[in-house]
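Protein chains: 4
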Amino acid sequence: MATKSELEHFFATEFTQADFLIEEVGNRRATIRKRITEAHLRPGGTVSGPVLMEVADAALYVAILGELGLVAMAVTTSLNFNFLRKPVSDRDIIAECTLMKVGKALVVGEVSMYSEGDQEPVARAVGSYAIPPRK
Amino acid sequence: MATKSELEHFFATEFTQADFLIEEVGNRRATIRKRITEAHLRPGGTVSGPVLMEVADAALYVAILGELGLVAMAVTTSLNFNFLRKPVSDRDIIAECTLMKVGKALVVGEVSMYSEGDQEPVARAVGSYAIPPRK
Amino acid sequence: MATKSELEHFFATEFTQADFLIEEVGNRRATIRKRITEAHLRPGGTVSGPVLMEVADAALYVAILGELGLVAMAVTTSLNFNFLRKPVSDRDIIAECTLMKVGKALVVGEVSMYSEGDQEPVARAVGSYAIPPRK
Amino acid sequence: MATKSELEHFFATEFTQADFLIEEVGNRRATIRKRITEAHLRPGGTVSGPVLMEVADAALYVAILGELGLVAMAVTTSLNFNFLRKPVSDRDIIAECTLMKVGKALVVGEVSMYSEGDQEPVARAVGSYAIPPRK
Numbered sequence: 385m386a387t388k389s390e391l392e393h394f395f396a397t398e399f400t401q402a403d404f405l406i407e408e409v410g411n412r413r414a415t416i417r418k419r420i421t422e423a424h425l426r427p428g429g430t431v432s433g434p435v436l437m438e439v440a441d442a443a444l445y446v447a448i449l450g451e452l453g454l455v456a457m458a459v460t461t462s463l464n465f466n467f468l469r470k471p472v473s474d475r476d477i478i479a480e481c482t483l484m485k486v487g488k489a490l491v492v493g494e495v496s497m498y499s500e501g502d503q504e505p506v507a508r509a510v511g512s513y514a515i516p517p518r519k
Numbered sequence: 385m386a387t388k389s390e391l392e393h394f395f396a397t398e399f400t401q402a403d404f405l406i407e408e409v410g411n412r413r414a415t416i417r418k419r420i421t422e423a424h425l426r427p428g429g430t431v432s433g434p435v436l437m438e439v440a441d442a443a444l445y446v447a448i449l450g451e452l453g454l455v456a457m458a459v460t461t462s463l464n465f466n467f468l469r470k471p472v473s474d475r476d477i478i479a480e481c482t483l484m485k486v487g488k489a490l491v492v493g494e495v496s497m498y499s500e501g502d503q504e505p506v507a508r509a510v511g512s513y514a515i516p517p518r519k
Numbered sequence: 385m386a387t388k389s390e391l392e393h394f395f396a397t398e399f400t401q402a403d404f405l406i407e408e409v410g411n412r413r414a415t416i417r418k419r420i421t422e423a424h425l426r427p428g429g430t431v432s433g434p435v436l437m438e439v440a441d442a443a444l445y446v447a448i449l450g451e452l453g454l455v456a457m458a459v460t461t462s463l464n465f466n467f468l469r470k471p472v473s474d475r476d477i478i479a480e481c482t483l484m485k486v487g488k489a490l491v492v493g494e495v496s497m498y499s500e501g502d503q504e505p506v507a508r509a510v511g512s513y514a515i516p517p518r519k
Numbered sequence: 385m386a387t388k389s390e391l392e393h394f395f396a397t398e399f400t401q402a403d404f405l406i407e408e409v410g411n412r413r414a415t416i417r418k419r420i421t422e423a424h425l426r427p428g429g430t431v432s433g434p435v436l437m438e439v440a441d442a443a444l445y446v447a448i449l450g451e452l453g454l455v456a457m458a459v460t461t462s463l464n465f466n467f468l469r470k471p472v473s474d475r476d477i478i479a480e481c482t483l484m485k486v487g488k489a490l491v492v493g494e495v496s497m498y499s500e501g502d503q504e505p506v507a508r509a510v511g512s513y514a515i516p517p518r519k
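Protein chains in written order, with our numbering: chain A, 385 to 519; chain B, 385 to 519; chain C, 385 to 519; chain D, 385 to 519.
For the record, the hints were derived by calculation from the structure and aren't laboratory data.
Since copy identity is lost for identical chains, a pair holds within one copy or between any two.
Calculated cross-link-like contacts (lysine-lysine; reagent style BS3-like; alpha-carbon spacing at most 25 angstroms):
#1 Lys-470 - Lys-488
#2 Lys-470 - Lys-485
#3 Lys-388 - Lys-485
#4 Lys-388 - Lys-488
Work the whole structure out from these sequences, hints included.
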């Protein structure tokens with residue numbers, strides 16, 4: 385297991401490209417926030433699909449490291465997205481991840497993404513991760 | 385919208401191959417039960433994947449008809465499954481469907497499937513349905 | 385590896401519910417045929433979605449056993465379907481499977497399904513399988 | 385329909401964040417190239433998952449605009465990824481998209497992604513797009 389501050393330190397030092405804030409992590413869950421700026425928008429003023437996909441990937445990774453610890457290797461094997469509504473352009477994206485299965489060899493989690501303050505998700509994702517055997 | 389008894393009548397008369405019980409339907413949700421018998425098992429004594437897939441498809445269909453009414457045409461465009469745990473052989477499968485989006489042209493729902501009495505889902509599904517324009 | 389006749393024997397004796405014909409298997413590929421009868425149709429005269437899903441699952445299983453041998457344990461972890469066209473009611477379904485990855489711990493394959501004689505697929509599937517470590 | 389040069393002009397003027405080269409487009413297909421630099425790598429020296437997802441999204445969009453023309457509105461409804469092998473760090477990513485269905489209301493396409501020069505794909509994607517009715 386890894387705590388919020390351990391994860392923040394890890395991303396700040398090892399994953400310097402990571403660009404999100406961890407709001408909560410623990411108990412097979414994680415919530416992260418993506419600050420939305422002009423750079424994340426598509427013509428028409430909505431958050432681009434690839435930004436949502438990157439946020440979902442990050443939320444799953446935070447939840448898995450939070451559960452398995454920083455030494456864990458987790459290899460993404462599949463990621464499925466359903467895009468449900470247009471995110472608004474002037475609010476952060478909040479991604480809430482729940483791990484549905486934490487097995488020895490396989491972890492599966494889902495992510496709901498919201499424009500901050502909205503009840504209805506803008507997108508949903510489900511990801512599968514292979515956990516290599518420890519030697 | 386269609387009620388539980390309208391849906392039961394519909395499946396009994398129009399979809400005579402349908403083989404499940406509607407437990408609840410309404411408010412963008414549906415719960416159905418699949419009675420598990422020897423015919424649904426795989427070697428090793430677990431409910432087969434295709435049976436779970438059929439149940440998920442049925443739960444989504446019940447939830448959509450419950451929301452849109454019996455006249456609705458809904459064409460399945462995609463169905464994604466994650467298999468999480470082995471179902472036990474001697475309990476019914478309970479499938480709980482929630483519609484995440486009910487748009488004019490697109491409906492998206494998710495299904496969690498359980499061996500009756502268990503807290504942890506045996507499988508999850510997400511389905512997308514195109515709703516043809518009404519003439 | 386398992387040959388066509390070994391696989392036919394296996395399904396006839398161990399998987400007596402299996403209901404399809406193996407047309408070809410080998411080189412990370414398999415083609416199977418599902419005879420379509422009244423029992424497989426939906427109102428409106430099209431092959432039902434669950435029948436297509438069962439056929440895809442079978443084609444993937446045949447291709448994996450053909451590649452890894454009959455002793456192989458392969459646990460389905462995810463199955464994703466896209467439904468593209470209505471199958472016609474009076475032709476068999478042909479399912480062609482190709483394994484895209486055959487790793488030690490993970491096998492991924494795709495299936496294209498056709499109404500016999502048509503060029504355009506009625507559905508596509510992608511499946512992931514975990515291979516438990518051999519003891 | 386839109387030609388390669390029309391599409392290049394479109395992305396250069398309307399989608400200035402787009403960062404890829406169109407190699408070929410036409411006949412329901414598109415091939416694009418993503419130049420890989422340090423900024424696209426993960427610790428361990430492999431191309432990050434979000435970069436692959438962005439490339440797949442772009443390849444699908446190019447193929448759809450190539451087929452339907454620049455006026456087309458296409459709303460991504462689902463995107464499914466299977467990650468098959470680690471991309472190498474020092475080669476471009478080549479994404480080949482084929483549209484499997486081009487309907488009035490729905491377009492479905494698949495993308496195979498490669499480290500340039502390799503035969504085996506590093507990832508596969510399938511995307512669904514809703515086409516709003518023209519007024």
